[in-house]
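*Asks:* Quick note on the numbering used here: the first sequence kicks off at 53 and runs consecutively.
It should be emphasised that the hints constitute simulated quantities derived from the structure, not laboratory data.
Mixed in with the good hints there might be a few duds.
Claimed, not checked - Taking lysine-lysine pairs in the DSSO-like style, the calculated list, with each CA pair at most 30 Å apart, reads: (1) 75 <-> 155; (2) 155 <-> 177; (3) 159 <-> 207; (4) 182 <-> 170; (5) 97 <-> 59; (6) 75 <-> 170; (7) 159 <-> 182; (8) 207 <-> 59; (9) 75 <-> 182; (10) 75 <-> 177.
As the list claims (entries may be wrong) - Label-pair distances were calculated between CB atoms; the ranges are: (11) 141 <-> 198: 26 to 34 Å; (12) 198 <-> 95: 42 to 50 Å; (13) 195 <-> 121: 32 to 40 Å; (14) 69 <-> 170: 22 to 30 Å; (15) 179 <-> 111: 24 to 32 Å; (16) 176 <-> 85: 32 to 40 Å; (17) 128 <-> 74: 16 to 24 Å; (18) 162 <-> 133: 39 to 47 Å; (19) 179 <-> 202: 38 to 46 Å.
Idealized CB from N, CA, C, for every residue including glycine.
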Amino acid sequence: MQFWLFKSEPACFSIDDLARRSKQTEQWDGVRNYQVRNMLRDDIKQGDQAFFYHSSCPEPGIVGRMEIVKEGYPDYTAWDIQSEHFDPNSSLEHPRWFMVDVKFLEKFPSPISLTEIKRHPVLSKMLIAKNGNRLSITPVTQTEWNTLLKLAVAKK
DNA sequence: GCCAACGTTGGC
DNA sequence: GCCAACGTTGGC
């Protein structure tokens with residue numbers, strides 16, 4: 053099993069939104085970055101787990117945990133001319149963009165803030181802690197995953 | 001294929 | 001709202 057961190061702006065889609073979805077499951081659509089596309093298409097597998105990160109908000113940080121329930125498949129919003137994610141260069145024969153389905157697992161009683169991550173000896177090496185990082189999905193190591201989970205429990 | 005200009009992300 | 005950092009675009 054591999055671990056990931058998925059960013060989302062809570063004003064757009066928050067962990068509470070995910071928890072309220074039917075079956076607490078939602079497609080992670082709208083990714084329009086090639087590095088992240090490659091991860092969605094090739095690397096992220098069913099059964100992998102991911103942290104849910106809230107960005108561009110008063111307190112950016114990790115707010116919970118989810119599971120990948122469906123592996124990469126074409127992001128059909130790219131074919132929808134009405135969608136804000138429409139891309140005329142993505143065709144049915146050669147889909148350019150991919151998405152996965154995620155399922156809510158838990159919301160942490162208290163979020164792990166970016167500030168906390170940045171000053172933590174282990175976590176400060178995470179991509180999320182580097183400014184200018186543009187990737188909306190990043191891999192998380194086993195060590196980082198365990199450390200973050202322990203932090204989440206400790207804050208209960 | 002280079003690279004300057006531009007657009008976007010995202011923390012502060 | 002500012003701006004640093006990065007990705008993308010497009011002229012050459």
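*Asks:* Now, for every hint given, state plainly whether the structure supports it.
*Replies:* Hint check results:
Restraint check: the Cα-Cα separation between residue 75 and residue 155 comes to about 8 Å, which is no more than 30 Å; the hinted pair holds. Pair hint residue 155 plus residue 177 holds up; C-alpha atoms about 27 Å apart against a cutoff of 30 Å. Proximity of residue 159 to residue 207 is assessed by CA-CA distance (about 12 Å); at most 30 Å being required, the pair is judged to hold. Distance restraint check for residue 182 and residue 170: the Cα-Cα separation of roughly 8 Å lies within the 30 Å cut-off, and the hinted pair is therefore satisfied.
A threshold of 30 Å between alpha carbons decides the hint, and for residue 97 with residue 59 the separation of about 18 Å falls inside it, so the pair holds. As the CA atoms of residue 75 and residue 170 are separated by approximately 34 Å, the hinted pair breaks the 30 Å bound. Using a Cα cut-off of 30 Å, the hinted pair residue 159 and residue 182 holds, with the two alpha carbons roughly 24 Å apart. Straight-line distance between C-alpha atoms of residue 207 and residue 59 comes to about 22 Å, which keeps the hinted pair within the 30 Å bound.
Taken as a hint, the residue 75 and residue 182 pair is broken in the structure, with Cα atoms around 34 Å apart against an allowance of 30 Å. Distance check on the hinted pair: residue 75 and residue 177 sit about 34 Å apart at the alpha-carbon level, beyond 30 Å; violated. Between residue 141 and residue 198, the C-beta spacing of about 41 Å breaks the proposed range 26 to 34 Å. One distance hint, 42 to 50 Å for the beta-carbon pair residue 198 and residue 95, is violated here, with the actual separation near 20 Å.
Separation of residue 195 from residue 121 is about 25 Å and departs from the stated range, judged on CB atoms against 32 to 40 Å. Judged by the Cβ atoms, the range 22 to 30 Å given for residue 69 and residue 170 holds: they are separated by roughly 26 Å. Distance hint for residue 179 and residue 111: a CB-CB separation of about 19 Å, inconsistent with the stated range 24 to 32 Å. Our hint of 32 to 40 Å for residue 176 and residue 85 is violated, since their Cβ atoms are close to 24 Å apart.
Between residue 128 and residue 74, the C-beta spacing of about 19 Å keeps the proposed range 16 to 24 Å intact. Checking the proposed 39 to 47 Å range against residue 162 and residue 133 shows it holds: the Cβ atoms sit about 42 Å from each other. Separated by about 20 Å at the C-beta atoms, residue 179 and residue 202 break the suggested range of 38 to 46 Å.
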